[in-house]
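Student: Take the two lone chains, each set in its own frame, and fit them into one complex as the hints suggest.
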Amino acid sequence: MPVLDIRSLTREFTRRGKPFAAVDHVDLSIDAGEFVAIVGRSGNGKTTLLNLITGLLRPTSGTVTVDGLDVASLDDRTASAMRNRTIGFVTQSATLLGNLTVLDNVILPAVMTNDGHGTAARNGDAATAPAKTADPDMPDVIAPGHDDDGDDPLAHRAHALLASLQVDDLAGCYPKELSGGEMRRVSIARALINRPKLLIADEPTGDLDADSTAVVMRLLRRTADDGTAVLMVTHDPDALAYVDRTLRMDRGQLAAA
Amino acid sequence: MPHITLGSLPFENLKRKPFRTAALVIVVTMLTVAFYGGALLATNLKAGLNSMQERMGADLMVVPQNTGTKAEALLTSGSSSTFYFTNDIEQAVAKADGVSQVTAQTYISSLAAACCDEKVQIIGFDPATDFVIEPWITSQYERTLKDGEVVAGANINVSANGTIKLYNHEFPVAAQLASTGTSLDNSVFVNESTIPAVVSYSAKTGHAAIPAEYADKAISAVLVKTGDADTKTVAANIADTVKADGVTGLGYVYPGGVTASTKASLDAIIGYAGLFLAVFWIMGLIVLLAVFASSMNERKREFAAYRIMGATRGMLVGVIVRESATVGLIGGLIGIGSASLAILPFNTLIGARLQLPYLQSGAFTVLALIAAGLAFAVATGLIASVAAAVRLSAPETYLTLREGE
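Keeping their order, the protein sequence lines are chains A and B. Using full-length UniProt numbering, read the first sequence as starting at 1 and increasing by one per residue. Using full-length UniProt numbering, read the second sequence as starting at 1 and increasing by one per residue.
FYI, nobody ran anything at the bench for these hints, they're computed from the structure. All residues carry an ideal CB built from backbone N, CA and C; glycine is no exception. Any given hint might turn out to be false.
[Said to hold, decoys possible] When the alpha-carbon atoms are kept at most 27 Å apart in a straight line, the in silico BS3-like pairs for lysine-lysine are as follows:
#, chain 1, residue 1, chain 2, residue 2
1, B, K300, A, K176
2, A, K176, B, K17
3, B, K95, B, K15
4, B, K46, B, K204
5, B, K232, B, K204
6, B, K217, B, K165
7, A, K176, B, K15
8, B, K300, B, K95
9, B, K217, B, K204
[To be verified] Computed from the model, here is a short list of chain A residues facing chain B with C-beta under 7 Å:
#, residue
10, T95
11, P109
12, R218
13, L240
[What the hints assert, rightly or not] Negatives, chain A to chain B, calculated, CB over 10 Å:
#, residue
14, D5
15, R7
16, P19
17, H25
18, G43
19, T63
20, D67
21, D70
22, D76
23, D104
24, A158
25, D169
26, P237
27, Q253
Looking at chain B on its own, in the form it has when it is part of the complex (with noise of 0.2 Å):
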C-alpha cells in the first residue's frame, strides 16, 4: 500500500473529513449551478436576440386592426395565430410616400388535433417580392420553393416520409431550417400560391382558416421597407393613403420597437439574475469563509504538529489551498454537469416557457462557458480559504496555533 505524500495529504484531509468536505462541496455545487447556468441561459437568451434581429428585415409591419399584439408575438416566440386583411391592401401601403419596399405575408395556423401533425404557424410568402424570409430560406434551400411544398423550421417534427400534415393533407417538406431561437423555427413556410390550397385543405377538416371568398386574396401583414425615412412617419402617410381608399383603423409594428423591447426586457431579467447571483454568491462564499475559519480552529492542533515536523509556512498555506480548491474543482464539476442536464437537452422547451427568443449557443461558447465555471468555482474555494491562509502565513505561527493553550 503506497505510503503518505506531502502531495496526498490534503486528499486524505478531504478524504476523512467526509461531512465538513460533503458540506462545502454542495455550497460550491449551488454556486456554479447559479453561475453556469445563470450565464448559460442568459447566453443563449442573447443568441435568441442577435438570431431574431436578423431575421427581422422590415422596419414596419402593417396589419389589421386589433392584431398588433399577435403580429408581435410572431416576430418574438409566442403562439401561432390567424389574422387577415379583408380588403386589397398591398397597392395602397405601397403607393404612400417614405415605402421604398413592400412585401405581403399570410398568416394561418393549423390546429392542436387529429387533422394536423402539430399546431404551426404557417406563412405564406411571395417569393418575388419577399426580403424578410426568402434571403434566409435561400442561404439553406437553394432551390425556389414549388406550389405545395413546405419548408420546415428547425423545430418542426417531419416525418419519416419527408412531409408533414396539415389540415389533413401531407405537404412535401422541400427542406428544413436552421435553429433561429425565434417563432419561425415553429413555422413552416409556404409560397402565396400555396396559400389557397391551404384554406381549402381547412375548410375540408370544416375548420375554415379563412372564409372561401377571401381564400385568394388574403394577406395578413404587409412589410415594409421604409429607406432613410422615419418608420413612424411613413406610417402616418400609409395610414393617410388607404384611408383615402376608404380602409381606416390600420395597426402598426414597428419591429425594431420590438426587438428593443424584447432586449430591455431580457437586460431587466439579466441584471435581476446577476444581482441575484451576486447576493448568493457573497451568502454562500460566507458560509464557505465561516466553515473554513471555523475548521481552521479545530485543526489548530493538526497545523502545530506539521510545523513541529518541518513544515514551512509556505507548506500550510499549500495544504489549505490544495483542499480548497480540491473542494472548487469538485463542487464546480458536479454544478457544471447537473447545470448542463438540465438545460442543454431542454431547449425547445426552455425557449417555449420563456417566451423569448432563445437559441442554443455554439458548443466553442459552451466550453468556454464551462471553463469560466470552472474557474469560478475553484476560484470561489481559493477565496474561501485566504483568511486561513493568510494566517498561517504570519510570522511566529506556531503561537497563534497554540493559543489559548
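So that you can see chain A by itself, here it is in the shape it has in the complex (with noise of 0.2 Å):
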C-alpha cells in the first residue's frame, strides 16, 4: 500500500469573481523509501497540492489517502494527528516560533500528541542512527553529549536531529538569531522528531549554499532509504540527484518531468 495516494485531486479558488483550478485533476501515489520531487514554475500549485495533502486544505473533488486513511474525510482531530504523527512538513516560508528556542521549536510537535510525551518521538532512535553510522561525506553527525538532558529522550532525540543537521550548537538560540539557512535546516529537523511516514518538503534547500544544500539533501536521501515517503517541492537543479523521480507542475496539473 503506498504511503501517499492522490487521485484526480482538484482545488478550485475564486479569484475576480471566476474560478479557477490551482490543482488539476491530479494523480500520485508514493510509496515508502521513496523520493520524489516536484517542480515547476512559481504559482502553479505546487504549494496548495502540499497543503491539500496535509489536510490543511479541502479538496473541491478527488481524493488523498495518507497511510490508508482518506485527509478528506477525516475530523479536525483526527487530520490533526495525522499531521503530528504520520506527516513531517517542512514549509516555503520560516515557521520557526519566535518565541521558543531552537531546540523547544523541534521538540514541540512531540509534545502535541494526544499523550503529551511525544512517544511517537521516543519510539525507535531512527534520528540516533546517523550518529551511530559514520558518513564520510558528512563532516560531522554525531551529537554532542548533553548533559543537561538528562533522561529526557526528547530533548536527546532533537539534539541529535539538529546535529545531523549541523546546527546543535544553535539549540539555545531564538530563531531571529538565525540565518535564513539555518532556519531551513531547523525546520527540517523540527519536521522529522515525530519520525513521519510521509515527509513533505516545500524548497528545502531555497536558502542553502552549496555544502549546507548537500547536507539537508543527504539527511532526506537517507530519511528516504529508511523506509520514510518523501515529497519535495524544490526549483534546486542540484537538489534532484538525490530523488528517485521528479515530476512536473504546470498550471495545476502534475506530469512526469
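Tutor: Structure follows, in C-alpha cells:
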C-alpha cells in the first residue's frame, strides 16, 4: 500500500468572481522509501498540492489517502493527529516560533500528541542512527553529549537531529538569531522529530549554499532510505540528483518531468 | 532544563513578548482597580448607610432654630458641634399630640487644642429615657454608665491608661464601641448628669462650651418617637404646644428623611460611578480587542506553524484563551492588591473625606468582592480574545492564517 495516494485531486479558488483550479485532477502515488521531487514555476499549484495532502486545505474534488486514511473525510482532530504523527512538513516560509528556542521548536511537535509525552518521537532511535553510522561525506553528524538533558529522550533526539543538520550548537538560540539557511535546517529537524511516514518538504534548500544543500539532501535521502516516503518541491537542480523520481507541475496539472 | 510542553506554551509566548504582555496586564489592572475598588467603596458606603439607619431610633428631632444642619451632620458624618436650648423644652414637647416617647440629648464639641486629646463630639444622654443610644451602648457594655465615665466611639483614641483628656480633665473610658461608620464613631457618650461637669471643665479652660447658667438644664435636642402618627403633623403639634409656652422658632430634623436623602445621594454617586465604570470597561475592552486582533495578524505565521505541526483548532483556541486568561489573572491580582492597599488601611480617612456614612465591610464580603474582581478580570481577558478565538476555530483555519501570503 502506498504511503501517499492521490486520485484526481482538484482544488478550485475564486479570483475576481471567476473560479480557477490551482490543482487540477492530479494523480500521484508514493511508496514507503521513495523520494519524489516536484518541479515547476512559481504559482502553478505546488504549495497548494502539499497543503491538500496535509489536510490543511480541503479538496474541491478527488481524494488524498495518507497511510490508508482518506484525508478529506477526517475530522479536525484526526487530521491534526495525522499531520502530527504521520506527516512531517517543511514549509516554504520560515515558520519557526520566535518565542521558543531552537531546541523547543524542534521538540514542540512531539509534545502535541494526545499522550503529551511525544511517544512517536521516543519510539526507536532512528534520529540518532546517523550518529552511530558514520557517513564519510558528512562533516559531523555525531550528536555531542548534553549533560543537561538528563533522561529526557525528546531533548536527546532533538539534539541528534540538529547535529545531523550541523546546527546543534544553535539549540539554545532563538530563531531571530539564525540565518535563513539555519532556520531551514531547524525546520527540517522539527519535521523529523515524530518519525513521519511521509515527509513533505517545500523548497527545503531554497536558502542554502551548496555545502548546506548537500547536507540537507543527504539527510533527506537517508530518511527515504530508512523507509520514509519523501515528497519535495524544489527549484534547485542540484537537489534532483538525490531523488528517485521527478515530476513537473504546470498550471495545476502534474506530469512526469 | 525542562523542555517545552503544550501547557507551558502560552506562558512562553507571554514571557517572550514582555512589552505586549505588560501593556495588556496594565489595561486589565486599571479595569480591575476601577471595578473592585468601586465595588468595595460602594459596599462600604451601603454598609455605613445601613448602620446609620440601625442607629436612628427617633422619628423626629426637635432642635434649636437654625441648627438643623448641624443636627443632620451629627446623624451622618459631619464635624462635631455645640448647640443648645435656653428653655426647658423637653416637657413641653412631651405634651404635644402624637408624641409617644421623648428623650433629651446634649451635644458639646471638644476643642482641637492642647486641652483635649482630640476634637470629638460629646453626647450627653439620659439612660433612663433614652431609646436611641442606650440600646446600642447596652448591646456592647452591660454595666450602667457612672457619672464622670465615658463610653468612646470606635475612632476615638483612648490613652494607654484607659482615659481620654477633654477640657483638661482625664475621663475614664468605661468601654469602646464597635464601628458604625457614622459620626457616632467620633463621639464620646456621657450620662446627662456628667454634662454640668463637662461644662465646668470647659469654663476652666477659658472656652466655656455652654454658659454656666444653662449648664444644669441645657439640652441640644429632644428626640421624639411618634408611633403611628405622621411626623410632619406631630412637628406641627409640637410647634403649637410650645408656642403656648411662649417658645417659637424651633428646628425639626427628620432622621428618616436624612437617611432617605443620604441614600439618594449615595445611589446617585453609585449610579454615576457605575456608568463611569461601564464606559471605562468598554473602552478598556476595545483596547484589549484591538491589541488581540492586531497581535493575531502579526501571529498568523505562528498559528499556521502550529497547524502544520498538528495542532487542532481547539488547541489554537486553547493557546489564545490561556494566554488571555493568564493576562486577566495577573492583571486582576495586581489590580485587587493595589486597590486593597489603597482602600482597606484608610477607612477612617475615606469616611471623613466622603462626609458620608462609611463602614468597612466584613472579611467575607471583601473576600467575595476579591473573587468577583478576579472573575471579572479573567472574564475581561477572555472576552477580549474571543474574536481571535472565533477566527481560529473557523474551517480551513490555515487558509485564513495565510491570507495575503
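Student: Check the structure against each numbered hint from earlier and tell me which ones fail, lowest number first.
Tutor: 3, 4, 5, 8, 12, 13, 22, 23, 24
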